[in-house]
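> Each chain, letter by letter, is given below.
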Amino acid sequence: MRGRARFVEPGIMAEFGAEGELEHAVVRLRERGYTRLEIYAPYPVEGATTLLYQTRPRLNWVVFCAATAGALLALAVQWFTNAFDYPLNVGGRPLFSLPAWIPVTFELAVLAGGLAAFIGLLVSIGLPRLWHPVFEVPGFERASVDRFWVGIDRRDPRFDPERSRQELTELRPLRIEVVEVGR
Amino acid sequence: MVGWHGAPVEELRELEGHATDEELTEQLLAPLWSKSRWWRICFAVSGAGTLLYLVAFTYTVVSGIGVWGNNIPVAWAYGITNFVWWIGIGHAGTFISAFLLLLQQRWRSSVNRVAEAMTIFAVIQAGLFPVLHLGRPWFAYWLIPYPATMAVWPQFRSALPWDFAAISTYFTISLLFWYVGLIPDLATVRDRAPGRVRRVVYGIFALGWRGAGAHWQRYRLVYGILAGLATPLVVSVHSIVSTDFAITQLPGWHSTIFPPYFVAGALYSGFAMVIMLVLPLRAVFRLSNVITTRHLDSLGKMVLAMGWMVIYTYAIETFFAWYSGDPFEVAQYLRARPFGSYALVFWGMVFCNCVVPQALWSRRVRTSPVLLFVVAFLVQVGMWAERFVIIVASLYRDFLPSSWNLYAPTWVDWGLLLGSIGFFSFLFFLFLRYIPFVPIDEVKHLRAELEPRRSG
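Line by line, the protein sequences are chains A and B.
The first sequence maps to residues 0 to 182 in numbering that gives the first Met the number 0.
The second sequence maps to residues 0 to 455 in numbering that gives the first Met the number 0.
Hints were generated in silico from the structure; no laboratory data involved.
It is possible that part of the hints are untrue.
Unchecked claim - Between beta-carbon pairs, the in silico distance windows are:
| id | chain 1 | residue 1 | chain 2 | residue 2 | range |
| --- | --- | --- | --- | --- | --- |
| 1 | A | ARG29 | B | SER33 | 43 to 53 Å |
| 2 | B | GLN103 | A | PRO127 | 25 to 35 Å |
| 3 | A | PRO127 | B | CYS353 | 42 to 52 Å |
Built from N, CA and C at the ideal position, the CB exists for glycine as well.
Produce the complete structure using the sequences and hints provided.
Next comes the structure, spelled out in structure tokens:
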């Protein structure tokens, strides 16, 4: 579980029927002093996400470095094969023919950048992880259809099963569910 | 909204009706659960086309490309025509998904997945033709710079390795982009699927997506990054394909206008193909609330705009052939093409690509599914003819009259062309059956954006 510490593992969750109610709930829970909250929504909800995640992930730098590495690798391979290991004089053109190498260099940069973006996405959100305790929560399957859930991490300093349930009830959600501890 | 001559015009919206999120989800998932008769018929027909493709493909591999109509000087004929045509069709998908995402065009949301699937399947068709045209396709891996015992390397100053890099990258990135876009919808399918088998299978492909805030935040960032990477990639791929032609000395090919010319032509045929795929879907699955008149209108306008870019390049290309004063260029553009043996194909191309799309100036044509389909079909025919003219009409009149020769396709050539259309449709019908072909999360997101917010 240590590697998953950065992801919120909710201990109690509440279901809402609308995006606005979710955002309202996040604001109120924040006011109460909760720091480890997570939301679940069928589509990106800007308001609540912005409240929870202010910092921009640095994935773009990972992609940039990967793309640069891809370009350098492509140039190195083309130089090694066509100018160093098997130099072939084609009509007196320079062996280091940079203009002719641009297409492959560009393509490899994009390929490396795209692969890094995809792998980086999976690593940064901890997927694939086919099973998760929240999937056992009754009704959670509608989080991918039309329901909005908020979850409080059981490691949140303010988390307390009884008090948190009370505070969630005040937000008048559709339902409140306790998440069983993960296997 | 008011039309240009003052008459009121009905405003077109990206989403019509007042369906709730649940109703939208049910509507867009319905094709996955129901087995309709028309799907079986279409699937069987496209399966037959795929069999034709397999026959022609196997026959070519077993006997060699002597069974094609190719000769010297027409060494590139149907094989490369089909290749360029398919890869061109494969351009609109990533363009719609990536470029229109960056421009924040809302109308992309309902059609982008169909367009992306079209891209992937078209690139598969495209990629097979050059491999087959190698003559000995089992040596295709020689394009990869691997340390071989022969101690030679691929020549990167040639356009062929560029092509290889461009197409394999384009396929990979298009597939990734498509898959990343699919993950939230696969999770929806997992959560709604009847039966454990489907739940497990879709669950595996959904990777355990929970729609958490952390997921969505990184997801949108990465989707944007992929769009940013894919947009220049789209432009680069057909530019590189055009260099196959442009870096040769042949009149009709040796032209600096080729890269933008090919990109415009690719998007032209690609958008036409999107129209041809979306219109039947919209009718059969009754999706006119999601794929609205607004989408048809925008797609029609895109075809018209791309059509004018193509017309412009035709004009410039011909003008420069004349202006250069080069007798071979003049003979190619002003004699061989309009009055030569393939004049019928040339004038058919001019009619389909330059005259027909002018109908799209009319809003009535752009918003009428039948007329729009007819225009898109003719554009598709015209774009195939364009590639045929570029390749065959340029080659059959060589520099030396002694080597002039005519080209006629054989049944294998036709089998590969029709068979590749069959195989493309086969993959597309599989896609319709097993994958939600309208992005459900994006449509719901769009609905939330368009409707006044429900407060809590």
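> Does each hint fit the structure? Answer for all of them.
Do the hints match the structure? See the list:
no., hint, result
1, A:ARG29 with B:SER33: 43 to 53 Å, "45 Å, holds"
2, B:GLN103 with A:PRO127: 25 to 35 Å, "31 Å, holds"
3, A:PRO127 with B:CYS353: 42 to 52 Å, "51 Å, holds"
In this structure, every one of the numbered hints holds.
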